[in-house]
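*Asks:* Chain residues, written in single-letter form:
Number of protein chains: 2
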Amino acid sequence: MRQSELFGKTLREDPKDEVAINARLLLRGGFVYKTMAGAYDYLPLGLRVLENINRVIREEMNAIGGQELLLTAIQPKERWMRSNRWDTLAEIMYQFKDHSGRDVGLAATHEEAIAEIATQTILSYKDLPLAVYQIQAKYRDEPRAKSGLIRGREFLMKDLYSFHRTEEDLDRFYTQADQAYRKIFTRLGLEFFVTEASGGTFTKQFTHEYQVLSEAGEDHTIHCPQCRYAQNQEITTMRIGTKCPQCGKGTIAAAKSIEIGNIFKLGTKFSQAFGLRYADERGEPQFVVMGSYGIGPGRLMGTLVELSHDERGIIWPEAAAPFRVHLVEVKSALPKVRMEAEKLYKTLLAKGVAVLYDDRDERAAGEKFADADLIGIPWRVVVSERSLAKKGFEVKRRTEAQGTVMGADRFLKLLKGK
Amino acid sequence: MRQSELFGKTLREDPKDEVAINARLLLRGGFVYKTMAGAYDYLPLGLRVLENINRVIREEMNAIGGQELLLTAIQPKERWMRSNRWDTLAEIMYQFKDHSGRDVGLAATHEEAIAEIATQTILSYKDLPLAVYQIQAKYRDEPRAKSGLIRGREFLMKDLYSFHRTEEDLDRFYTQADQAYRKIFTRLGLEFFVTEASGGTFTKQFTHEYQVLSEAGEDHTIHCPQCRYAQNQEITTMRIGTKCPQCGKGTIAAAKSIEIGNIFKLGTKFSQAFGLRYADERGEPQFVVMGSYGIGPGRLMGTLVELSHDERGIIWPEAAAPFRVHLVEVKSALPKVRMEAEKLYKTLLAKGVAVLYDDRDERAAGEKFADADLIGIPWRVVVSERSLAKKGFEVKRRTEAQGTVMGADRFLKLLKGK
Numbered sequence: 001m002r003q004s005e006l007f008g009k010t011l012r013e014d015p016k017d018e019v020a021i022n023a024r025l026l027l028r029g030g031f032v033y034k035t036m037a038g039a040y041d042y043l044p045l046g047l048r049v050l051e052n053i054n055r056v057i058r059e060e061m062n063a064i065g066g067q068e069l070l071l072t073a074i075q076p077k078e079r080w081m082r083s084n085r086w087d088t089l090a091e092i093m094y095q096f097k098d099h100s101g102r103d104v105g106l107a108a109t110h111e112e113a114i115a116e117i118a119t120q121t122i123l124s125y126k127d128l129p130l131a132v133y134q135i136q137a138k139y140r141d142e143p144r145a146k147s148g149l150i151r152g153r154e155f156l157m158k159d160l161y162s163f164h165r166t167e168e169d170l171d172r173f174y175t176q177a178d179q180a181y182r183k184i185f186t187r188l189g190l191e192f193f194v195t196e197a198s199g200g201t202f203t204k205q206f207t208h209e210y211q212v213l214s215e216a217g218e219d220h221t222i223h224c225p226q227c228r229y230a231q232n233q234e235i236t237t238m239r240i241g242t243k244c245p246q247c248g249k250g251t252i253a254a255a256k257s258i259e260i261g262n263i264f265k266l267g268t269k270f271s272q273a274f275g276l277r278y279a280d281e282r283g284e285p286q287f288v289v290m291g292s293y294g295i296g297p298g299r300l301m302g303t304l305v306e307l308s309h310d311e312r313g314i315i316w317p318e319a320a321a322p323f324r325v326h327l328v329e330v331k332s333a334l335p336k337v338r339m340e341a342e343k344l345y346k347t348l349l350a351k352g353v354a355v356l357y358d359d360r361d362e363r364a365a366g367e368k369f370a371d372a373d374l375i376g377i378p379w380r381v382v383v384s385e386r387s388l389a390k391k392g393f394e395v396k397r398r399t400e401a402q403g404t405v406m407g408a409d410r411f412l413k414l415l416k417g418k
Numbered sequence: 001m002r003q004s005e006l007f008g009k010t011l012r013e014d015p016k017d018e019v020a021i022n023a024r025l026l027l028r029g030g031f032v033y034k035t036m037a038g039a040y041d042y043l044p045l046g047l048r049v050l051e052n053i054n055r056v057i058r059e060e061m062n063a064i065g066g067q068e069l070l071l072t073a074i075q076p077k078e079r080w081m082r083s084n085r086w087d088t089l090a091e092i093m094y095q096f097k098d099h100s101g102r103d104v105g106l107a108a109t110h111e112e113a114i115a116e117i118a119t120q121t122i123l124s125y126k127d128l129p130l131a132v133y134q135i136q137a138k139y140r141d142e143p144r145a146k147s148g149l150i151r152g153r154e155f156l157m158k159d160l161y162s163f164h165r166t167e168e169d170l171d172r173f174y175t176q177a178d179q180a181y182r183k184i185f186t187r188l189g190l191e192f193f194v195t196e197a198s199g200g201t202f203t204k205q206f207t208h209e210y211q212v213l214s215e216a217g218e219d220h221t222i223h224c225p226q227c228r229y230a231q232n233q234e235i236t237t238m239r240i241g242t243k244c245p246q247c248g249k250g251t252i253a254a255a256k257s258i259e260i261g262n263i264f265k266l267g268t269k270f271s272q273a274f275g276l277r278y279a280d281e282r283g284e285p286q287f288v289v290m291g292s293y294g295i296g297p298g299r300l301m302g303t304l305v306e307l308s309h310d311e312r313g314i315i316w317p318e319a320a321a322p323f324r325v326h327l328v329e330v331k332s333a334l335p336k337v338r339m340e341a342e343k344l345y346k347t348l349l350a351k352g353v354a355v356l357y358d359d360r361d362e363r364a365a366g367e368k369f370a371d372a373d374l375i376g377i378p379w380r381v382v383v384s385e386r387s388l389a390k391k392g393f394e395v396k397r398r399t400e401a402q403g404t405v406m407g408a409d410r411f412l413k414l415l416k417g418k
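Same order as they appear, the protein sequences are chains A and B.
323 is the number that our numbering gives to position 323 of the first sequence; each next residue is one higher, with no gaps.
338 is the number that our numbering gives to position 338 of the second sequence; each next residue is one higher, with no gaps.
Read the hints as simulated data drawn from the structure, not as lab findings.
Check each hint, because a few of them may be wrong.
Note: identical chains are not told apart, hence a pair may lie in one copy or across any two.
[What the hints assert, rightly or not] Subject to a maximum C-alpha distance of 20 angstroms in a straight line, what follows is the list of computed EDC-like cross-link-like pairs (lysine to aspartate or glutamate): (1) LYS126 / ASP359; (2) LYS351 / GLU400; (3) LYS336 / GLU59; (4) LYS243 / ASP178; (5) LYS396 / GLU311.
What you are looking at is a predicted structure, and each value in this text was computed from that prediction instead of being measured.
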């Protein structure tokens with residue numbers, strides 16, 4: 001894509017009303033726009049990152065048999081009364097009357113919806129197990145929404161729901177889902193802790209959270225840095241500064257952390273509320289056992305920025321980056337510079353490399369380099385009089401201080417990991 | 001995909017509270033679930049159709065330079081006050097207070113949002129023209145929502161917005177967008193009329209609507225069946241039963257029709273409301289000229305069903321069908337039937353053919369055929385004792401009464417159009 005045609009501009013100055021680093025950098029980089037606290041629009045650059053994250057999530061959800069669907073946000077009060085959550089979630093749920101006077105709400109989560117729908121789909125033990133998921137907007141009227149993309153009032157959620165005959169079969173799938181979650185976070189380059197946590201309003205059983213250490217977090221993970229054993233602060237039995245009870249070597253530490261995912265065993269809570277039963281081999285009705293598995297793709301995007309940036313801007317991991325290569329043409333009176341930049345742009349496109357081409361006429365070199373650092377694409381390639389005098393292009397990773405001049409062939413090999 | 005594992009079951013009986021054919025067939029086929037009037041959930045089969053429609057739309061929007069983004073549904077009242085539409089849209093807009101007492105609304109359209117965002121992105125004439133689009137959920141509190149997927153309270157919309165220096169440049173792009181819309185509808189197999197219509201709350205200029213004739217429609221298109229000239233009933237100067245003023249041959253008719261798309265010239269209405277200006281070559285500020293272009297992918301899905309079905313079920317066009325082939329295995333005591341069905345399933349998958357494989361044990365042949373007709377996948381392939389005795393599989397298009405027995409090679413050639 002030509003940067004001269006991109007919808008979305010970098011901003012020189014920090015936005016005034018943002019404290020979170022992720023929001024400041026994403027706003028300045030032209031990735032998002034803030035419609036109100038906790039509600040961000042994804043501009044083309046930001047949507048590319050989001051879709052990359054979504055692709056990783058979809059691949060791993062499909063790999064464990066997840067079937068994608070898309071549920072509505074707007075829902076009638078009656079549905080939420082069946083699980084008793086119209087009242088228990090009232091503090092964070094947007095609830096209002098439509099023009100006919102009917103009570104409706106915006107879903108903060110979809111256990112109710114999916115349990116109701118499943119009563120039409122799950123009849124016999126032969127229909128189980130099943131797993132379905134969606135990537136869809138959720139709504140929570142958060143009193144504090146100061147963490148940028150990490151805590152939203154309108155935010156995207158990948159929520160997967162699984163259905164089983166028995167607790168044992170739920171356990172089997174829960175382990176698979178845990179492995180899938182670890183793959184997702186690993187593919188995105190995140191170092192995470194898996195913590196036991198309380199199930200909150202959902203279940204009396206313990207659940208698991210995936211946490212990454214970050215000053216921007218709102219959680220605290222009590223953990224052993226050595227063996228990576230961790231517990232949520234609310235349920236921990238470990239004391240800070242003592243030896244780790246698991247490995248006996250590390251010293252227990254507390255750190256602020258961001259929850260990047262969670263998995264719950266719901267048991268039969270929602271099956272009972274909605275009469276979700278299957279007929280077993282003897283034809284006897286049994287309640288379906290359910291699980292619930294959440295990841296916020298927008299929150300992941302914010303988390304990646306919190307964990308991977310420097311004073312100049314974002315440093316995207318390859319898996320999430322909006323483009324793989326940022327091709328920067330330094331303005332010159334010599335037509336050869338433009339010509340070589342255009343040629344390299346076309347070569348990269350022909351090779352299927354996602355490239356943002358800074359072809360803007362009016363910008364000085366320093367300004368273009370500052371924009372490239374802010375946007376944070378993994379590879380920067382500069383075409384300039386200087387680089388051409390050295391018979392090539394200056395290639396620099398976002399993480400490197402110094403670039404190296406090389407020809408197109410060598411750069412393409414580098415991109416292929418050779 | 002194996003039908004035994006599909007989330008979503010066909011229903012034998014018509015849902016009680018649906019009058020629209022599209023809703024009845026889509027509900028019975030397991031494509032959608034009804035959460036409330038005007039709010040439908042897309043089950044895996046339905047989401048596959050929707051994504052096929054979205055793919056066609058995206059390809060044509062990208063081809064005219066559209067950049068995809070994703071805007072929020074929830075928005076503050078203040079934004080809508082600037083265009084004066086908080087009040088003029090109040091009848092159909094969900095408007096409510098959040099827990100802090102702030103007035104917010106769910107966007108029924110996004111001219112306000114995009115004009116506000118564009119003030120950050122469009123500064124100079126060099127930034128123009130631009131076109132951005134999204135495929136995103138819109139909310140309208142429709143008093144009557146009885147048309148299934150054709151009129152929703154929560155519904156998906158592809159909305160594209162374009163930005164220009166002059167009316168002339170808008171005209172140029174408007175023609176391109178018109179061509180792109182014609183391509184989209186043609187690729188989906190829809191015969192449409194393009195009608196002039198009044199711009200409603202948007203503009204005093206005429207706009208264009210794309211209409212398909214259907215008893216399920218809520219519009220009336222005054223048209224000439226011969227030359228396909230058409231006008232919206234609200235602005236028409238043509239009288240039913242008279243000679244067509246365009247071709248002089250056809251006789252003007254009125255018919256019920258469904259609006260499947262519309263394109264608007266917005267002029268500077270929203271640019272003025274939001275102070276969206278660009279600096280021209282002399283540095284003088286000028287208001288940006290805007291256009292707006294809408295298609296509802298869910299409505300398109302409902303329209304396809306209205307226009308293409310028979311008494312047994314849906315007849316999907318290839319471009320929208322959830323799968324290309326419905327492979328039906330007729331239960332048999334001979335292991336060879338299962339073996340050959342499995343083998344054909346794997347062959348089709350290996351060739352990249354999207355196939356739904358009815359491997360359900362408990363269903364009788366008649367029931368499976370009825371399901372296949374209801375779901376409406378273009379090609380049905382039956383593997384049975386009878387077909388194997390004739391050395392092949394019974395291949396039948398959804399539109400054909402009789403099938404033909406043939407081997408896998410001949411079927412694959414047929415699929416390739418040979």
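*Asks:* Now tell me, hint by hint, if it's right for this structure.
*Replies:* Hint check:
1. LYS126 / ASP359: between (59 angstroms within a copy, 12 angstroms between copies)
2. LYS351 / GLU400: So LYS351 and GLU400 fail the 20 angstroms test inside a copy (24 angstroms) and across (44 angstroms) alike.
3. LYS336 / GLU59: Answer is neither; intra-copy 43 angstroms and inter-copy 34 angstroms both fail.
4. LYS243 / ASP178: So LYS243 and ASP178 fail the 20 angstroms test inside a copy (27 angstroms) and across (70 angstroms) alike.
5. LYS396 / GLU311: Close inside one copy (17 angstroms), not across copies (64 angstroms); limit 20 angstroms.
The structure does not agree with the numbered hints 2, 3, 4 stated previously, though it agrees with the rest.
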